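One line per chain: the protein sequences are V and S, in this order. The first sequence: position 108 = 108 (the numbering used here), numbered continuously. The second sequence: position 15 = 15 (the numbering used here), numbered continuously.
Treat the hints as calculated values from the structure; they're not laboratory data. Remember, it's a predicted structure, so these values are computed and weren't measured experimentally. Where is the CB? At the ideal position from N, CA and C, for every residue including glycine. Incorrect hints may have been included.
[Said to hold, decoys possible] Simulated restraints on C-beta separations:
1. S:Ala30 <-> V:Ala37: 21 to 27 Å
2. V:Arg62 <-> S:Asn10: 47 to 53 Å
3. S:Ile134 <-> V:Glu4: 41 to 47 Å
4. S:Leu152 <-> V:Ala91: 18 to 24 Å
5. V:Ala28 <-> S:Ile134: 28 to 34 Å
6. S:Arg27 <-> V:Pro34: 44 to 50 Å
7. V:Arg63 <-> S:Leu152: 25 to 31 Å
8. S:Leu152 <-> V:Lys2: 41 to 47 Å
9. S:Pro109 <-> V:Asp44: 42 to 48 Å
10. S:Arg50 <-> V:Glu23: 29 to 35 Å
11. S:Arg50 <-> V:Ser19: 25 to 31 Å
12. S:Ile134 <-> V:Ala32: 33 to 39 Å
[What the hints assert, rightly or not] Residues of chain V placed beyond 10 Å of chain S at every Cβ, according to the derived structure:
13. Asp7
14. Leu15
15. Pro20
16. Leu26
17. Asp33
18. Leu47
19. Val54
20. Ala55
21. Asp59
22. Phe67
23. Ser71
24. Ala91
25. Ala96
26. Ile104
27. Thr105
[What the hints assert, rightly or not] Footprint (simulated), chain S over chain V, 3 or more residues, beta carbon under 8 Å:
28. 39-46
29. 97-103
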Amino acid sequence: MKPETLDALLIDRSLGELSPEVEELLLAYLEADPAAAGRQTGLDATLRTARESVALKLDRPRRTTPFAELSQGRPWRPRVRIAWPEILRLAAGLAAGIVLGWQITRGPGAPKPESSTALHAVAALGESKPSPAGFWSVTRALAQTDGRAARRQDRGPAGSPLWRRPGK
Amino acid sequence: MDPATRELENLYGQMGPALLAYFRQHRILAGTAEDLLQDTFVRAWRNFGRLQASITPRAYLFGIARNVGRDALRKYRPMQELVDEPAAAPAIEDGRLEPMRAAIARLPPSHREPLLLKLQQELTYVEIAEVLEIPVGTVRSRLHHAVAQLKLALNSTPHPETRDP
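The following block holds chain S by itself, in its conformation from the complex (with noise of 0.2 Å):
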């Protein structure tokens, strides 16, 4: 196996449940989220020497996550936003999480994507700022606002552990 096959081989074992579940958050493309996993690396294997000019693996294989996911997605809903597809909640549910998925839901696009992108897959700035293709200025001042909405939101709600002191 050559060397480049042999690093997509071990980035997929390392990323592949973090983009699997990626795309099976939105409900539309979670049956075919697998086939969206495939697709993903099939493009990063085409497109190698991108991925070795990127900031880092994950950043890469995350903007290309996205583009599969919108395309997929245009084939259904073509109006649609990949963020606009609401996360399904888990089973068990806590009273003080709903709140909080509401106010996250509030959120416009353009601050609800790197939010998630944030605190699912724990990127950084200069990552979502070339997953989204955007300046990492306008990452950190999105995120900032997103998070002063969530406090914003949830100090008007009884949760006092998330309430300011």
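The shape of chain V in the complex, shown without the other chains (with noise of 0.2 Å):
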């Protein structure tokens, strides 16, 4: 018998495509011949993984059917399907655009709150001349911004220490 012949007929009683008459031919052939008895043997290991590897789980369904309805004439309609995949897709574009669109409004040209114009402006609405005030008053903070900028003039490159020369 020709090889791919063979190899055809071992498939398809791997297969469990052939006829009652053909299968006991074949078995009275591969009885007599060893080596095509191994093929087989390959074969129906080879199919047994496949089957394994590709099982499905069987669940009964949780819906009945609507045969009832269409029995009477009702028409049947399917019930409405969110495309839950597209609907996220869009949602996540819809944020990334924001948050783009966010950024860019913050970038470098846009304007900046100054805070020291705001204690400014805060502090002449509600105070009239600088007093000694609590812990948390506008006054003592702009007090303190103040004497910070004060002291960075001072210093200067020759009188900061970083500027002092090693040695003198």
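From these two lone chains plus the hints, build me the complex, please.
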């Protein structure tokens, strides 16, 4: 028998597609040819593993058929299917667009709030003259901010410890 | 209940689990598998005459299910075939099954689809031919090619029970 013919018959037998008469003839051939019988064993093992690898889990359907409504002539309408993958993609794109737009409006060219200007404005509204104030007062905050700026100006490059030459 | 509806109710009970599993193995369709199952049987109900003329009710229902699945998939992935969707791997993984699963995934769709209908649903060559709307000889040759490819792929991996002696 030609090898390709034998292989085809062996595969058909492994897949349960041989008629009883043809299977009987093939079995007689395999008894006389141990090498061919070995090939059948290998094919059976391959298909057994293949079946296991793609086996499906079977569950009973939770819903019943709509035949009762259809039999009474009532129209059957499929449930509204929410395309969750599409909705999630759209939502992600929208969120990305919002974040990107917010980042752009907060970029280098965008006006930033001037905290010290705001402090001065608040101080002008609430207090007519500088006075010693509590820990959290606007006047105290202003005084600290202005003091730091004055100290920076006073030091200058020559007066700053950073600029003092080693050994002097 | 009329005889046609009664027969379809019986088929729903017998084949519902297998058809549900057929839809659930596709990642995109898994969430709407129950709806797709209902669609399948509604179409079968509306074309009951064709059911009676088919080779077997099983072949007819799987043929409808295949079309229902492809119509649903086209809404999300117009260019994708039903068999391109990978089957979900089981929770407990057997090491020797992964090479086989990979070998099956490498098969061209025209060979993988009849192979899965055979291995998963145990359809005959004739039934697969009706589902896929191709000649029986074509089903046979594609399955032979697919099995030969699986043997070749597995013989190159160290799994003694699948190797040729």
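**Item:** In rising order, the numbers of the hints this structure does not comply with
**Value:** Those not satisfied are hints 1, 2, 3, 4, 7, 8, 9, 13, 14, 18, 19, 20, 21, 22, 23 and 29.
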